[in-house]
Amino acid sequence: MLRGLARDYAFSLMLVAGLMIRLVFVPYTSGSDIAQFASFSDTFLRHGLEFYKYADAKLYAEEGWPYNWPYVYGPQLVLLLAPLRALLRQPVLAYWNSGNYYVYVPVEWVVACKSLFVAFDVVSGVLIYLILSRYSGGRAALVGFALYYLNPAVIYTSSVYGMFDQIPLSLILASLYLYRSGRRLPSLALAGLAATFKPNVAPASLGVLVSSLVEDKCLKSRLSGLAAFVLGALSPFAPFAAYYSQTLSKAFEVLASLKPGYTYPIVYSFNGLSSLATYMHQYSGGDYEWVVSYWWVFYLVLNVLVAIWLTSTRERDAGLLALLLYLAFTTSYWRVNYQYFVPGIGLAALQVGGSRRRMVASMVYIAYIAFWVFMFPTSWWAHVHIKEPNTELWRVMDMFSLMVFDEGVYVVYSVLLTVLSVAVITALVL
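Residue numbers (this note's numbering): 286 to 715.
Because the hints were derived from the structure by calculation, they are not lab data.
Do not take every clue at face value.
[To be verified] Simulated crosslink set (EDC-like; lysine to aspartate or glutamate; CA at most 16 Å straight-line):
hint : residue 1 : residue 2
1    : 343       : 538
2    : 338       : 538
3    : 338       : 348
4    : 544       : 500
5    : 544       : 341
6    : 672       : 341
7    : 338       : 327
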């Protein structure tokens, strides 16, 4: 009983501490995507269910978007943000001055977006705790929860920069919780919903689906599970497609337009091969773009490795397969942004309930990803999009930063991350 009380107290303490740390940053920092989210929401509020007609950003100037970045997500994000934007209509300021481009985001909008993201940080952390508590014990639950919820990379993504990868992660974690409880159909529906929420999360969602297809011996069960997954994936598009018939084709067209190329800025590129090719091109002028273009070869090799493991083992763990498929993607995809690692951290945190080898491999991976937060001058986001920055917080953030500006260091970091990721995949399948 005392042990249970101590565990509950430790969990509550970490929950409150993690939330307080996040709230310190919420009003005073902003990444560039939050400005773009306001414009996406404005376009939806103007055009409604015809939104995907404008998703390719060809009319970004006419729509008042600060950047020419397309909307590459499912409808779920804009459906969540549009009600907030309907209440908070302060404009994003974007203008040129003396050859420099300035974008400033209203603090109210920053707080609204980040509050949503932080809330799903909490949900994801609690789901990790519940899954591990139920299947691996209280100590593993606390460790897994801390690895995710108190992780500097996770805190940075939701409350410093402001990105929403924790939302589809929470859907996958809820899917895994239901899957392990034997509720396959709602589990697969949630996995499908996560797959179209943000495209980079789709490999993890497929891990849940493939696990179900492998475990189910009945054809009828397999077909019903597949139908639930597809229904979850496509249902958010249904009202849009009913009103604008080209919705799905437009969504796929936008995704297909993302062609491999050099990955600038190098400090924010996390594929080792792409970063190295970009760096060598920048400083030697040579043509190394072919290295980036053939990223799919590496991806195929890693997936073959996972497939060999899947067909040769009797172990059936949907969470492990989701992690492996997600690692295969983030290790090989030509353009990996830092926020892509949040789902990987969440799924890796579940491995503390597994074997010692898997636990150690996952913890090393999580720690290495977190180290980047202390390399990068994160205080950049405290002033670049905040018109009246909090200089005290700016200085405090600099105190905890190594302030690395040398691009070569980030190339080395990315190359080592790619090597480490391959080693982690290997350790997980052995």
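Now for the hints, and whether the structure bears them out:
1. 343 - 538: Holds, at roughly 12 Å.
2. 338 - 538: Satisfied, since the Cα-Cα distance of roughly 11 Å is no more than 16 Å.
3. 338 - 348: Holds, because 12 Å separates the two Cα atoms, which is no more than 16 Å.
4. 544 - 500: Cα-Cα ~36 Å, so violated.
5. 544 - 341: holds, 14 Å
6. 672 - 341: violated, 29 Å
7. 338 - 327: holds, 14 Å
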